[in-house]
Amino acid sequence: MKNLSIALNVVLFVLVGILFYLHFSGPRSAAVPAGPRKAEAQNGTLKIAYVNIDSLEANYEYFKIKKGELEKQQASIERELNANAQALQKEVSDLQQKASTMTQSEGEAAQRSIVQKNRALQQKEQTLRQQFVEQQTRFNDELQKKLNDFLEQYNADKRYTYILSYSPGLSNILYKDEAYDITKEVIDGLNAASKNQK
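Last residue of the sequence shown: 1634 in the working numbering, with the numbers rising by one and none dropped.
Some clues are possibly wrong.
[As the list claims (entries may be wrong)] Restraint-style ranges between C-beta atoms, simulated for each label pair:
1) Glu1578 / Asn1518: 39 to 45 Å
2) Asn1584 / Asp1490: 16 to 22 Å
3) Glu1527 / Glu1497: 43 to 49 Å
[As the list claims (entries may be wrong)] Taking lysine-lysine and the DSSO-like style, the derived pairs with C-alpha atoms no more than 30 Å apart in a straight line are:
4) Lys1612 / Lys1582
5) Lys1508 / Lys1582
6) Lys1503 / Lys1581
7) Lys1582 / Lys1631
For the record, the hints were derived by calculation from the structure and aren't laboratory data.
Please read all numbers here as calculations on a predicted model, not as lab measurements.
Even glycine gets a Cβ: it sits at the ideal position worked out from N, Cα and C.
Generate coordinates for the entire structure from the input sequences, incorporating the hints supplied.
As C-alpha cells, then:
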C-alpha cells in the first residue's frame, strides 16, 4: 500500500505545481467564494476536491478484504520458510552429532547435500517473495483502476477539475477545507460497486 500512497503523492505533487503555476500566472481578481464544493478559481472554472486515502483504506470493504488476504498469504509464506529453515538447521545439527562416526567421503557428501538444500531454500524464499510482490503490485494496480474508474463516473458531470488524494503526514496538500472532502461519497460508491459485482 505504501507504493500506492507514494504514487498518489507523486501525482499530487505534480498537480500542486501545475495549480501554483495556473494560480500565479493568471490575472488577479476578487476573492474566491466559500462554501461546499465552491473552490472555484477567479474565473469560476477550477474546482478541486480531495479523497482522504487513510479513510478510504480503512472503510473500503474490497480493500480491507484484499489486504487481509495478502496479510494471510504473507504470514503463510513466513511460516513455510521458517519451517523449512528449522528443518535444515535440525539436519545440520544431526549431521554434526554423527560427524565423528562418518567417513570423510560421507561427511563431504553430507556437506554437499546441506549446501544444495540451503541454496534450494534461498531460491524458494526468493521465488515466494517475488510472487508475493507481484501479487501486491497487481492488487495496487487493480485498486488504482477501480478508484480511477469510479472517480471518472462520479465526476462525469465535470463538477471537479481535480480530485486529489490526501493522507495525513504524507500529503503535499498544505491546507484542506473539509467542505471539499468527498471521501465518504467515494467510499460509499466504491462499496456499492463492489457489492454489485458479487
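Notebook entry, point to check: Okay, which hints does this one fail, numbers in order?
Noted result: Violated: hint 1 alone.
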